[in-house]
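Participant: Protein chains in written order, with my numbering: chain A, 37 to 635; chain B, 15 to 301.
If you are wondering where the hints come from, they were derived from the structure by calculation, not from laboratory data. Remember, it's a predicted structure, so these values are computed and weren't measured experimentally. Glycine is no exception: its CB is placed at the ideal position from the N, C-alpha and C atoms.
Just the calculated beta-carbon pair ranges, DEER-fashion:
1. B:P130 with A:K50: 54 to 60 Å
2. A:P234 with B:D48: 30 to 36 Å
3. A:G64 with B:V136: 58 to 64 Å
4. A:D412 with B:E44: 35 to 41 Å
In case you want the letters, here they are:
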Amino acid sequence: MNIKGYILLINREKKFLEAVQKSLLDAGYSVLTATTMSSAVNLLSNNTVVLVICDSELNDFSGYDLLRFVKNNPQLEKIPFVFFVPVHDQGNAGKAFKWGATDFIVYPLDGKILLERIGEILPCRESEEKKSAVPQEDKCLSSLQPGSTASPAQKERRENNRIVPPDTVNIEVSRDAILWLPGRIKNISKQGFLMETPLLGRPGMLLYVRIQLPAGKCVIENQVRHVSISNAQLLADIGVEIGDSPAWTEVYDYIIELIDAGKNPAAERSSFSGKIPDIKKLSAVEMRPETETIVVMNENETIYTPPSQPELSEPPNGKALEIRFYHSLVGKQLGNYKAVSFIGAGAMGGVFKGWDIILERNVALKIISYKLSSIDSFREMFVKEARLISRLNHPNIAQIYYIDQSDDVFYFAMELISGGTLKDMIRNRNNVNSTKGLEYLVTICRTLDFVSGKNIIHRDIKPENIMISDNGTLKVVDFGVAVVNDGKTKKGKSENLVGSPYYVSPDCIKGLPLDSRSDIYSLGATFYHFFAGEPPFAGESVEEVLLKHLNEDLIPLKTKNPAVSNWLSDIIGKMMAKNPEDRYQRYKDIIADLDLLMH
Amino acid sequence: MSKIIGIDCSPKVQAAVSDMLGGKCDIQYEQFQDEMSFNDYQMIILEMGVSQEYVSQQIRKLRYACNFKNIPIILIHDNEKDIFSQPYMIAGATEVLSLYDPLPACKQILSGYLIPNREPLVEELEYLKPFIKNTCHILKTMAAVDVEFKEVYFSNSIRIFGDVSGIMGLSGNVEGTIVVTFYWDLAKMIVAKMMGTEEGAIDAELIHDGVSEIINMISGTTKKEFVDTQYYFEITLPSVVVGPGHQIGHLQDTSVSALIFQVGNQSFALHVCIRPKSSQRKVQRGV
Chain A
37 MNIKGYILLI
47 NREKKFLEAV
57 QKSLLDAGYS
67 VLTATTMSSA
77 VNLLSNNTVV
87 LVICDSELND
97 FSGYDLLRFV
107 KNNPQLEKIP
117 FVFFVPVHDQ
127 GNAGKAFKWG
137 ATDFIVYPLD
147 GKILLERIGE
157 ILPCRESEEK
167 KSAVPQEDKC
177 LSSLQPGSTA
187 SPAQKERREN
197 NRIVPPDTVN
207 IEVSRDAILW
217 LPGRIKNISK
227 QGFLMETPLL
237 GRPGMLLYVR
247 IQLPAGKCVI
257 ENQVRHVSIS
267 NAQLLADIGV
277 EIGDSPAWTE
287 VYDYIIELID
297 AGKNPAAERS
307 SFSGKIPDIK
317 KLSAVEMRPE
327 TETIVVMNEN
337 ETIYTPPSQP
347 ELSEPPNGKA
357 LEIRFYHSLV
367 GKQLGNYKAV
377 SFIGAGAMGG
387 VFKGWDIILE
397 RNVALKIISY
407 KLSSIDSFRE
417 MFVKEARLIS
427 RLNHPNIAQI
437 YYIDQSDDVF
447 YFAMELISGG
457 TLKDMIRNRN
467 NVNSTKGLEY
477 LVTICRTLDF
487 VSGKNIIHRD
497 IKPENIMISD
507 NGTLKVVDFG
517 VAVVNDGKTK
527 KGKSENLVGS
537 PYYVSPDCIK
547 GLPLDSRSDI
557 YSLGATFYHF
567 FAGEPPFAGE
577 SVEEVLLKHL
587 NEDLIPLKTK
597 NPAVSNWLSD
607 IIGKMMAKNP
617 EDRYQRYKDI
627 IADLDLLMH
Chain B
15 MSKIIGIDCS
25 PKVQAAVSDM
35 LGGKCDIQYE
45 QFQDEMSFND
55 YQMIILEMGV
65 SQEYVSQQIR
75 KLRYACNFKN
85 IPIILIHDNE
95 KDIFSQPYMI
105 AGATEVLSLY
115 DPLPACKQIL
125 SGYLIPNREP
135 LVEELEYLKP
145 FIKNTCHILK
155 TMAAVDVEFK
165 EVYFSNSIRI
175 FGDVSGIMGL
185 SGNVEGTIVV
195 TFYWDLAKMI
205 VAKMMGTEEG
215 AIDAELIHDG
225 VSEIINMISG
235 TTKKEFVDTQ
245 YYFEITLPSV
255 VVGPGHQIGH
265 LQDTSVSALI
275 FQVGNQSFAL
285 HVCIRPKSSQ
295 RKVQRGV
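Pulled out of the complex, with its shape left as it was, chain B reads as follows (with noise of 0.2 Å):
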């Protein structure tokens, strides 16, 4: 049974989860808390408030504790008409809802997000699989950081949600994009540990280049491993885009692979969006 997480809703929004998803999932209630872990939980669904710089706030320490995993947060509100919703998906919502909207719809939506994440395909592994060795690596010599892997997911998801990213254009037999994000406190801690330098030391232009640095590296590594494959690509020269909510112009039609590495408590994430391209696409294997 899935387990969902309801904050600060009233009995009307209440009423109405239990409608779209009833006797399906486990639901707790609860009021909003700085600290909150979803470690178990499968959707988080927030009632909006009436500020709308406080619900962003709520959205943001919300997906923040979610520690980049894939776990929707649905922003139910009461409003009969359309909201400028803006400013929750970028803070980290991942649907906004009204009472109003049709039920079927609602619950459709819900329940396409509470199935089950799909495993990688074998050749999705193949490209992968480098990816996660060579970011493991390249952390542990360049930052003496211990780096696990921990999941994969795959979504249609655009926007990034952390602090800073640095992303790398790929193209070759394949074409696409990686994209490193960390959020600020881990960013600083690996890129001072990088310079061997205090925590204190370290402003956000020095952080920007770090992170570039660290997304040069792990594709310029990687692609050592793919020449003379079907899966070459050249690099573009990185960029580093800072602040939550960025929209990243991945490959239509084209699943993003969400790696999720730990390093300590903290998570950070590498997005890989690759495709052959086109005269040399071939037959997908899978497990």
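Bound conformation, chain A alone (with noise of 0.2 Å):
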């Protein structure tokens, strides 16, 4: 091995280490390892490292606090840094860039192109296999020179399946979603797409853009992960990383059916070429599984369509016109709050960074959807349920402060949390099999008992709605859809369909009277997720995700996740029983079991 000096990696994960470090080992190069940023600051400073490869979240800092460690270090800044990122995450990567990490490699890894992506970055070693009569000097110099890593654009290209989209599709991009700028596509993918556009942007900056399909304007959110200029002369390539988005996924079709056409204008045309198909349409735009809560209010009136309505409700630049009205209440004054700056749009309205002026403290402003504030029953029912919320007073319950409407917008005033969510973490790590995990499980279970202790059904238990604050304090959020279970509800009445897909419980699915075993079932299928790296059942459409609770087994954590142990996966199998009766019954019982698990 010519390489004189050691490979640092560092995840938080053992047994990742041990495997990855073998295989590095095996092919000739030095290596060291650690867990916490600490000591991989110590192994920095005693030893000549090479390359750095790191995960994102470490046991004590996260691997960006390590990266700007590094590259704020005159001693240390010219060493290579590269992550760890997980397939679904490589929005993450933009950001890393952005500090000066050298490459990104997904994982789950392949260790053919760890090495391959190791050899371009590092000098070359001379190995009785690889030697070769042209001196490598030269190349190996080159391969440690800036930029002589290939761009974000040409990484994102070899890590994804880019399709080019005919020259018809055009876009309009926005930062506002007011002033619209044309654009062009260059490819896309299922995660995002490459644009041409005079609007320049910088990495993480939010855009909008707006697309026209055969039903209407489409405005989809997205994040742009890189900007690369080759020639000042020319228009700016961005590349967007788009979340799960419905809106996207129809697009996505309906550009890969124009392709099509395209290629084979004979066969006969699809239906994109007119008339969306009704399930199609609905699965797109209203309630894609993992991203889309159902709400019905009663029997009359809905705010989602049901499966049996599938007319489109929202205007084709409704989207737009709601980001638009968030946009004009930035830098005004609601009633006691200052509403400083605008954090993103949720399906029920928009968040505001606020200033409570009379308690002199950071507060977070929801501001209800014009949609769903001109609905009478709406409003009287968030009061009702916001009363109910505001008296739950618990470290790990995000509290509503206050709730007012002022010039008809309607608000409401809540705990400011920063910090991320549990699909945060599930996209940041393919499945996390760590005893976090299971801390969060348990708290989350006391927070839960606590809840039911109140005879309150949260009904809505999913990823999103578990954040993990900076300071590493979990807090559910988002009681929009709670009741109070007090057995004044007649029992037999069906009740309606609430919750997301991916985690709603078969008693709710049937409409039968739900309890906190509901939420026991929510929450076991959220942390399914969690340590799966995956849903527990998934489809095409939500109809089919349903059926899947209902009817099909589920296939045991401990399968999709063999380093899980036998007994979390039996524990979340019974908190996911399709009978409530063969659930945990009480949140304590799950305790008992995770503390036995845990010590």
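Hints are included, so try docking the two chains, each in its own frame, into the full complex.
Facilitator: What follows is the structure in structure tokens.
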């Protein structure tokens, strides 16, 4: 081995480290390992490290903290820094590049690809198999020069199946959904696309893209991952990543249809040439399983269109109008709250970072969308639920402070949580098998035990509604569809279907009266997703997923993730029993079993 | 009660505006004139005419008459289909709405713009005050002009409506952008005074250089006040952009402070967008 120095591998999981270390040692590299930033810094100080390969989450800090440390240290800044990135979260690679990362390696790992990529970054090694007559030195030096690694755009093309759409697909791009500038999609994948546009952006920036579909204009929110300007006279290439978006699914499928139609114009035109089939339209726009919450208010009034009425209620520019409304509120004062900056928009409304002028503290201001706030019954329901939730005083429940209507703007102020969600954690790691996950599960069980003690059912437990703040505190959020189970509800009356398709309980699907066991099922499904890296039941449509909850046997967690213990697999399985009578009846019993597992 | 002026509005648009804003606002309707004053109005509603060029010109004049104040200009049209709104947005319109857009949405958007502006937070004042002081001081010293700070507001606006802007990037303990924006006449006057020449001798190139120098001096002088503080920053080389409606790449999720200054009966603006770098962000205090 000709490399004078070590490769430093940093990851929280020792087994993973050992496996990767072994393959690198076998290939002739010298390797050091660490699970924390502090031990990594120690190793960097005392050894000659020529390459750092690091995970984004470490036991004590994040990989980005280590990256910044390395790049801010004159003695270490030249060391190439490579990130491990899960295949579903290459968006974070953009952030890492901004701070000086050299490359990212997607896992699940292919050992051969890992060695190839390391070989590109590090000086060539002279092995008996690889000696050549041509001196390698110049090539080796060039491999260490800045900029010798592939650009983010090139890496993206390497990692994803990119498709070039026809020239007829024109788009418009905007920073604020008000002023639209032209753009052209150069290539697309399921995760995002590369476009050419005069609108400049920077990595991490939010952009809105508008595309004309047969059914009307579609607005998609996306995030800039990389910007490349090859020639100052030409337009910039901007690569964007799109999160889980039913609208993007529809656009992607439409573009594929156009490409296929272009290749075989004699073939019978598919549904996208004219009216979009109801089911596809419904599943793409309204109820894509992993993101949308199905909320049916009562038999006569709906917020989201139920399967029996597949007409779109959203006007073509509805989303753009919502966004423009939120933008109009920045810099305004709503009652005792200042809307400082716009964070983002969800299905229910827009979220702002706000300031409480009376109590002098940061808050999150949630502004209800114009569609929902114009429905009387929604407003009444909302106020009732807000009162209910404001009485839940628990360190792991995000508090609602105040609710009001100011100049037709319906809003509430709640605890501002800076951090990510369990969904972000799942995205960052394909499957998480850690003590931390078990701790989270115990904490949420304790929290929901408290909630059920007040006879409240959350009804929408899912990874997005479990937040982990920057200081590590876990918070259950969004009690927007919670109800009081006080025994006054008439038994036998059909309950409306609420919840998220991936995590909704069979009893809820069937319209049976609900109790805390329904939340137990949803919690089980959430942590199944957390530990397995994929939801317990998946499908192309909401209906398919719901049917699987009802009828299909759960694949044991252990099968999806062999690293998980049988005990944990059984606990999750019991939480997700189809029949509520077969599930855990109380959170305390789950906690007791988890305690045995952890000790 | 908010005061709104409707310009060139047909009875149909007047009826729609009444439906949306009704008895909450005092709405006056007038015909467009070249010299209009909007000191007391919180919103301008303009009905789109036939000629795109004429409407853009109207909007430019209205925006100029607003004197950098945060007065939204709402353009309303009667087309069922989306129209190409770029020329109007670049000219100075805040919003383009159609009579066919959902009434609740339009009502919400207009109501949002009519909500009163917030006051600065204490932390914002900490870094804004030096900019205010130094802007007045620099122009007094370099151009012998009396500058009066008038007001500050906060917006998400990324579009600048002046004729020429000097842009400075910041990095250090904080990151962000500072932009000084003038209309042509005032820029010419100030640069002429800086150079000690007649205004007639000032051409575009000199204005370009002069504005660049102004933003450089404002940033450089203010920077010194933040040494060893949480707001310390280094500055880039200044850039200058000429032409109205240019979009500035301000930081995401960070409010932009718009400081309005007056020189005689003309105004200019200083846009400050600053955010502490992530490892150093502190909890904001407020008034």
